[in-house]
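Chain order of the listed sequences is R and A. Using full-length UniProt numbering, you'd call the opening residue of the first sequence number 1 and step up by one each time. Using full-length UniProt numbering, you'd call the opening residue of the second sequence number 1 and step up by one each time.
Keep in mind that a hint or two might mislead.
[Unchecked claim] Think about it this way: if two alpha-carbon atoms lie no more than 20 angstroms apart in a straight line, the pair counts; the simulated SDA-like pairs of lysine to any residue are:
#, chain 1, residue 1, chain 2, residue 2
1, R, K23, R, E69
2, R, K167, A, L205
3, R, K23, A, S18
4, R, K209, A, I187
5, A, K125, A, S156
6, R, K209, A, S206
7, A, K50, A, G64
8, A, K171, A, S138
9, R, K50, R, P7
10, R, K209, A, K171
11, A, K93, R, P7
12, A, K93, R, D193
13, R, K209, A, H208
14, A, K209, R, I121
15, A, K93, R, G92
16, A, K83, R, F207
17, R, K23, A, S156
18, A, K209, R, G92
19, A, K93, R, G169
20, R, K93, A, S138
21, R, K83, A, S206
22, A, K124, R, I121
23, R, K93, A, P184
24, R, K124, R, T112
25, A, K209, R, A168
26, A, K93, R, T100
27, R, K209, A, N185
28, A, K50, A, S18
29, A, K171, A, L189
30, A, K171, R, E69
31, A, K93, R, M127
32, R, K171, R, E82
33, R, K93, A, I122
34, A, K125, A, N144
35, R, K23, A, V196
Worth flagging that the hints you see were computed from the coordinates, not collected in a lab.
2 protein chains.
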Amino acid sequence: MKAYKIPEATVMRLSIYSRYLQKLIENGTQTISSGEIANGVGVGSAQVRKDLAYFGEFGTRGVGYNVEELFNHLMEILGLDEKWNVIIIGAGKLGSALATYQGFIDRGFNITAILDIDEAIIGKKLMDIEVEHIDLLSKKVKENNVEIGVITVPGSVAQVVTDDLIKAGAKAILNFSPNVLRVPNEIILRNVDLSVNLEVLSFNLSFHK
Amino acid sequence: MKAYKIPEATVMRLSIYSRYLQKLIENGTQTISSGEIANGVGVGSAQVRKDLAYFGEFGTRGVGYNVEELFNHLMEILGLDEKWNVIIIGAGKLGSALATYQGFIDRGFNITAILDIDEAIIGKKLMDIEVEHIDLLSKKVKENNVEIGVITVPGSVAQVVTDDLIKAGAKAILNFSPNVLRVPNEIILRNVDLSVNLEVLSFNLSFHK
Numbered sequence: 001m002k003a004y005k006i007p008e009a010t011v012m013r014l015s016i017y018s019r020y021l022q023k024l025i026e027n028g029t030q031t032i033s034s035g036e037i038a039n040g041v042g043v044g045s046a047q048v049r050k051d052l053a054y055f056g057e058f059g060t061r062g063v064g065y066n067v068e069e070l071f072n073h074l075m076e077i078l079g080l081d082e083k084w085n086v087i088i089i090g091a092g093k094l095g096s097a098l099a100t101y102q103g104f105i106d107r108g109f110n111i112t113a114i115l116d117i118d119e120a121i122i123g124k125k126l127m128d129i130e131v132e133h134i135d136l137l138s139k140k141v142k143e144n145n146v147e148i149g150v151i152t153v154p155g156s157v158a159q160v161v162t163d164d165l166i167k168a169g170a171k172a173i174l175n176f177s178p179n180v181l182r183v184p185n186e187i188i189l190r191n192v193d194l195s196v197n198l199e200v201l202s203f204n205l206s207f208h209k
Numbered sequence: 001m002k003a004y005k006i007p008e009a010t011v012m013r014l015s016i017y018s019r020y021l022q023k024l025i026e027n028g029t030q031t032i033s034s035g036e037i038a039n040g041v042g043v044g045s046a047q048v049r050k051d052l053a054y055f056g057e058f059g060t061r062g063v064g065y066n067v068e069e070l071f072n073h074l075m076e077i078l079g080l081d082e083k084w085n086v087i088i089i090g091a092g093k094l095g096s097a098l099a100t101y102q103g104f105i106d107r108g109f110n111i112t113a114i115l116d117i118d119e120a121i122i123g124k125k126l127m128d129i130e131v132e133h134i135d136l137l138s139k140k141v142k143e144n145n146v147e148i149g150v151i152t153v154p155g156s157v158a159q160v161v162t163d164d165l166i167k168a169g170a171k172a173i174l175n176f177s178p179n180v181l182r183v184p185n186e187i188i189l190r191n192v193d194l195s196v197n198l199e200v201l202s203f204n205l206s207f208h209k
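All chains should be modelled from the sequences, with the hints used to inform the complete structure.
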């Protein structure tokens, strides 16, 4: 286990910094200051320095950060120096969108399979992955060494699917269903409710009225 | 304008609390303590009290909160005591998933239209909304009093679409494209990168190895 405890908001910003640095690498930029990173991604420069300080000193005073070094370090912190095998359960509209989401592929997540119970969907191709029957869940998790299960099934079956994923060996669950899921302590669970994003907007719209 | 400045993480938790309270109302629960809310949603009870304290005192010491009163108050804070008109630009897999996302409907967001440039998609029905041509953007925003534009187009056209939305009168943009968008100061912009969710998991998986 690594020896630091990082707030989730910091992890999310590190992810954003790393994307920005990747663009800079593509453009041939060699060094950058925390202020330039801050401007580039739209957060305060004190925040950038504080976020990066969790991981020790990489910058050189007056020179700034070496872009490629910082990028590689961030990717390592985010666990993106290795590949993670993902399975998607539920091939409805959201599951299909996630299975073909370029952002996952760009960041090195390996979508190994997508499963559903609906015979009308099974057999369809999403990019180069064929939708398969949910009965194959345990087999697919095991044979692909799946670490991460993504749940886009209806709420009524989300807990059963989660239990099956964990029993088969998944270590982390990304839950897009509206249900509160119970998982053992050692399993990492993240709930995503896409409406929260719209509610941050409605909060701000209402706030500024 | 309301007279408080709230961290975004708090706004996101208020959204989660409000969903939990809604379930309690459906179950007939009348009062609840901050500790019970904390347990129900999986955050610390000090955090719940701190989040709610931004908005003054609603609880009664030793009795707790009246569930319905607290729920109504949270919905008002989140701007969900009114309807917001939304337009989705881009009817690919992600746009289609969002157009039919039950979570948006449940929270009162009104998806007024979904537009695309692809003739193969235009005319298709998503729930009861027909995909229409992107040339109608300005007309649709104006005639439906759209406040919020959701962008799921490819990065290469995201800025043009954003400019058009703002010119037509949209006040807030939810951006699912990978591009950094430039908007005037008075426009509320929120970028959603779905991979960040997987990266919080890979960070934690790597952290616990």
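Hint-by-hint comparison with the structure:
Taking the CA atoms of R:K23 and R:E69, the gap is near 14 angstroms; set against the 20 angstroms cutoff, the hint holds. Under the criterion of a C-alpha separation no larger than 20 angstroms, the hint pairing R:K167 with A:L205 is consistent with the structure, at around 17 angstroms. About 39 angstroms separates the Cα atoms of R:K23 and A:S18, which puts this hinted pair outside 20 angstroms; it is violated. Of the pairs offered as hints, the one joining R:K209 and A:I187 holds, with about 12 angstroms between alpha carbons and a cut-off of 20 angstroms not exceeded.
For the given pair, A:K125 sits about 26 angstroms from A:S156 by alpha-carbon distance, which is inconsistent with the 20 angstroms threshold. Between R:K209 and A:S206 the alpha-carbon distance is near 44 angstroms, which puts this suggested pair outside the 20 angstroms criterion. For the suggested pair A:K50 and A:G64, the alpha carbons sit about 15 angstroms apart, so the restraint of at most 20 angstroms is met. Of the pairs offered as hints, the one joining A:K171 and A:S138 holds, with about 13 angstroms between alpha carbons and a cut-off of 20 angstroms not exceeded.
For a cut-off of 20 angstroms, the pair hint linking R:K50 to R:P7 stands: about 12 angstroms separates their Cα positions. For the proposed pair R:K209 and A:K171, the alpha carbon gap of about 11 angstroms is at most 20 angstroms, so the pair holds. Under the criterion of a C-alpha separation no larger than 20 angstroms, the hint pairing A:K93 with R:P7 is inconsistent with the structure, at around 32 angstroms. Among the hinted pairs, A:K93 with R:D193 is consistent with the structure: their alpha-carbon atoms are about 18 angstroms apart, no more than 20 angstroms.
Simply put, R:K209 and A:H208 have alpha-carbon atoms about 45 angstroms apart, too far for the 20 angstroms limit, and the pair is violated. Of the pairs offered as hints, the one joining A:K209 and R:I121 is violated, with about 37 angstroms between alpha carbons and a cut-off of 20 angstroms exceeded. Restraint check: the Cα-Cα separation between A:K93 and R:G92 comes to about 10 angstroms, which is no more than 20 angstroms; the hinted pair holds. Simply put, A:K83 and R:F207 have alpha-carbon atoms about 15 angstroms apart, close enough for the 20 angstroms limit, and the pair holds.
Distance restraint check for R:K23 and A:S156: the Cα-Cα separation of roughly 15 angstroms lies within the 20 angstroms cut-off, and the hinted pair is therefore satisfied. Taking the CA atoms of A:K209 and R:G92, the gap is near 33 angstroms; set against the 20 angstroms cutoff, the hint is violated. A hinted pair counts as satisfied when its Cα atoms are at most 20 angstroms apart, and A:K93 with R:G169 does not qualify at roughly 29 angstroms. For the given pair, R:K93 sits about 27 angstroms from A:S138 by alpha-carbon distance, which is inconsistent with the 20 angstroms threshold.
Using a Cα cut-off of 20 angstroms, the hinted pair R:K83 and A:S206 holds, with the two alpha carbons roughly 11 angstroms apart. The suggested pairing of A:K124 with R:I121 holds, with an alpha-carbon distance near 18 angstroms, which does not exceed 20 angstroms. Taken as a hint, the R:K93 and A:P184 pair is broken in the structure, with Cα atoms around 33 angstroms apart against an allowance of 20 angstroms. Straight-line distance between C-alpha atoms of R:K124 and R:T112 comes to about 15 angstroms, which keeps the hinted pair within the 20 angstroms bound.
Pair hint A:K209 plus R:A168 holds up; C-alpha atoms about 19 angstroms apart against a cutoff of 20 angstroms. For the hint linking A:K93 to R:T100, the alpha-carbon distance of about 8 angstroms falls within 20 angstroms, and the restraint holds. At most 20 angstroms may separate the alpha-carbon atoms for a hinted pair to count; R:K209 and A:N185 meet this at roughly 15 angstroms. With a C-alpha separation of about 15 angstroms, the suggested pair A:K50 and A:S18 falls inside the 20 angstroms cut-off, and the hint holds.
Using a Cα cut-off of 20 angstroms, the hinted pair A:K171 and A:L189 holds, with the two alpha carbons roughly 9 angstroms apart. For the hint linking A:K171 to R:E69, the alpha-carbon distance of about 39 angstroms lies beyond 20 angstroms, and the restraint is violated. Distance check on the hinted pair: A:K93 and R:M127 sit about 12 angstroms apart at the alpha-carbon level, within 20 angstroms; holds. Under the criterion of a C-alpha separation no larger than 20 angstroms, the hint pairing R:K171 with R:E82 is consistent with the structure, at around 15 angstroms.
Distance hint between R:K93 and A:I122 is fulfilled; the C-alpha atoms sit about 17 angstroms from each other, no more than 20 angstroms. For the proposed pair A:K125 and A:N144, the alpha carbon gap of about 19 angstroms is at most 20 angstroms, so the pair holds. For a cut-off of 20 angstroms, the pair hint linking R:K23 to A:V196 stands: about 17 angstroms separates their Cα positions.
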